[in-house]
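Visitor: Starting from the structure of chain A, add chain B where the hints point.
Chains A and B, in that order, are what the protein sequence lines are.
Per the numbering used here, numbering of the first sequence is gapless, rising by one per residue and ending at 593.
Per the numbering used here, numbering of the second sequence is gapless, rising by one per residue and ending at 250.
It is worth saying that the hints were derived from the structure and are not from the lab.
Each hint can be trusted.
Output of the computed footprint for chain B on chain A, the stretches with three or more beta carbons under 8 Å from beta carbons of chain B:
| hint | segment |
| --- | --- |
| 1 | 365 to 377 |
| 2 | 407 to 414 |
| 3 | 450 to 459 |
| 4 | 514 to 520 |
| 5 | 540 to 547 |
| 6 | 552 to 558 |
| 7 | 565 to 571 |
Even for Gly, the Cβ is constructed at its ideal location relative to N, Cα and C.
Chain by chain, the residues run as shown.
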Amino acid sequence: MIFVLLETANQRLTEPSLETLTAARDLALKLGDATEALLIGSGVRALAPTLKGLQSVSVVEDTRLTGYVPEAFAKIAAEAIQKKRPNTVLAPGTEVGNDWLARVAVRLDLGLAAGCTGFSVENGALKSVTRTNWGGSLLEEIEILSNPKLLTLQPHAVSAQPLTGGEPTVETVTVTLDERDFRVRMKELVRKEKKGLSLTEAKVVVGGGRGLGNAEAFKLLEELAGLLNNAAVGATRVATSNNWRPHSDQIGQTGTQIAPDLYIAVGISGAIQHMVGCKNSKKILAVNKDSEAPIFQRADYGVIGDLHQILPALIAEIKKLKGA
Amino acid sequence: MKVLVCIKRVPDTGGGFRLTPDSKRVDTTNLGFAISPHEECAVEEAIRIIEKHGGSSTVLTLGPTAAQEQLREALAKGVSSAILLETEDYESWDAGAVAQAIAETVRSMGFDLLLFGNESADACNYQVGLRVAHLLDLPCVSGIKALEIQERRAIAKRDSPEGWEVYELSLPAVFTVKEGINVPRHPSLRGIMSAKKIPIEQKKPIRRDPQMARELLKKPQEGRQLEILGQGVEAVAKVATKLRELGAI
Numbered sequence: 270m271i272f273v274l275l276e277t278a279n280q281r282l283t284e285p286s287l288e289t290l291t292a293a294r295d296l297a298l299k300l301g302d303a304t305e306a307l308l309i310g311s312g313v314r315a316l317a318p319t320l321k322g323l324q325s326v327s328v329v330e331d332t333r334l335t336g337y338v339p340e341a342f343a344k345i346a347a348e349a350i351q352k353k354r355p356n357t358v359l360a361p362g363t364e365v366g367n368d369w370l371a372r373v374a375v376r377l378d379l380g381l382a383a384g385c386t387g388f389s390v391e392n393g394a395l396k397s398v399t400r401t402n403w404g405g406s407l408l409e410e411i412e413i414l415s416n417p418k419l420l421t422l423q424p425h426a427v428s429a430q431p432l433t434g435g436e437p438t439v440e441t442v443t444v445t446l447d448e449r450d451f452r453v454r455m456k457e458l459v460r461k462e463k464k465g466l467s468l469t470e471a472k473v474v475v476g477g478g479r480g481l482g483n484a485e486a487f488k489l490l491e492e493l494a495g496l497l498n499n500a501a502v503g504a505t506r507v508a509t510s511n512n513w514r515p516h517s518d519q520i521g522q523t524g525t526q527i528a529p530d531l532y533i534a535v536g537i538s539g540a541i542q543h544m545v546g547c548k549n550s551k552k553i554l555a556v557n558k559d560s561e562a563p564i565f566q567r568a569d570y571g572v573i574g575d576l577h578q579i580l581p582a583l584i585a586e587i588k589k590l591k592g593a
Numbered sequence: 002m003k004v005l006v007c008i009k010r011v012p013d014t015g016g017g018f019r020l021t022p023d024s025k026r027v028d029t030t031n032l033g034f035a036i037s038p039h040e041e042c043a044v045e046e047a048i049r050i051i052e053k054h055g056g057s058s059t060v061l062t063l064g065p066t067a068a069q070e071q072l073r074e075a076l077a078k079g080v081s082s083a084i085l086l087e088t089e090d091y092e093s094w095d096a097g098a099v100a101q102a103i104a105e106t107v108r109s110m111g112f113d114l115l116l117f118g119n120e121s122a123d124a125c126n127y128q129v130g131l132r133v134a135h136l137l138d139l140p141c142v143s144g145i146k147a148l149e150i151q152e153r154r155a156i157a158k159r160d161s162p163e164g165w166e167v168y169e170l171s172l173p174a175v176f177t178v179k180e181g182i183n184v185p186r187h188p189s190l191r192g193i194m195s196a197k198k199i200p201i202e203q204k205k206p207i208r209r210d211p212q213m214a215r216e217l218l219k220k221p222q223e224g225r226q227l228e229i230l231g232q233g234v235e236a237v238a239k240v241a242t243k244l245r246e247l248g249a250i
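This is chain A alone, in the form it adopts within the complex (with noise of 0.2 Å):
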């Protein structure tokens, strides 16, 4: 049997959670095996019997279990797990997914694949998984010696599909909880106060790296975009350790993944830890005075030159253009 960990917000499944259902009605499908879940939360139980297809959904309920609870969550898992006996299971590659199986993993003593894209079936048996090595920018052929096989799925990894086929059983689960389940838990929420348009939801974004060489020169960056549809500035991890930007604006492995219709990358020559942050973007178009520069591989389009004498003359091309 395949187990999946379900993460809910607002007594809602999230994206990856159905990205994940989908990923083990899949593999469910290819190893004859039947898939089952866990729901913890409140106000969750009447999510059960949406999830046709499945043959039984374990839900616990409980006011306590507002939110995301860690040690709370990994404990029920742990204890569901044993009793179930699954072969497989999956959760979210979320931040929330990711911490929760790796709490799991350590109580049963188990390997656990983080950020799977594909599984690999032979003889009715999963044999390997493939992975994100490097934000994505290399995949890992991995084989999980410990049973149950623990993963989570990188989320976009599959689109999510409608779920079809019977209504599941719905299980009722107890569990005695202590203070110590509880120990790690959210405190309050500090709602931040949301400032122009977030890199995540710009319809065009222009970044800017090693090249623009000093903070000052980001202003040409600010002024491009400030020309653009729905555009905003992001910057490279080169450009935030220097402080010519802040942090919340770095596009990267360990920054922000973007997807928008454009990306303007300038000055940046390609490093892979960047590349990992934009490669989702619908264009790429480079401007960067070395055209050997790794990011000329990875671009759409191409202008080679020098960016300081580039952005004045197409800031006023595009100023001439709009005035027109």
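Guide: Frame of chain A, contents of chain B only:
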């Protein structure tokens, strides 16, 4: 206050990868190495906490003899002491094995605060810190971007799309940090010189049976065709036309 910070040595890959002929690993010939980014921030955080509250910090890694280079970097920045769990065969260690070796090493050392990176740049396993915490029976919050110590409590914040999630734990506690928690300093020349005199404690860890076995590494498909729009300022008219075509203007 005793702070432990665990780091990983990773290759500085720059613009691309070359794999070894057997596709089992990244070919690191001619590559430099660095402290993995989140851990670099964990080192900085450890130093700042000791500067503010007093005490000592220890940096630890599991890796080859050459990983002394990364430990020395942390010492040069201001960490007080270093431990190397030395193994040349470090790529065969899965997250569970690394966590067990770390937990066994530090169990009786009395650390108040244990810092890890949220995930390493190369393996992206997201689990060593969480595993160590459980093995030591300590509370852990992963992926934090702010940390403050008040008496025997740690107030940590996670950055979520909804806002700042605030957690409060009693020490001792474990945190895995994310880049952005601070901007790491560069070591000073004096720091580099004095770090050379600090002895690195070396231990040979015993690897328990692996739970994971890598078969191979491969590069994902990349499907972009480059069109050069031009060189220098002569290109701007064509760029502007393209921007209009793409709906950006």
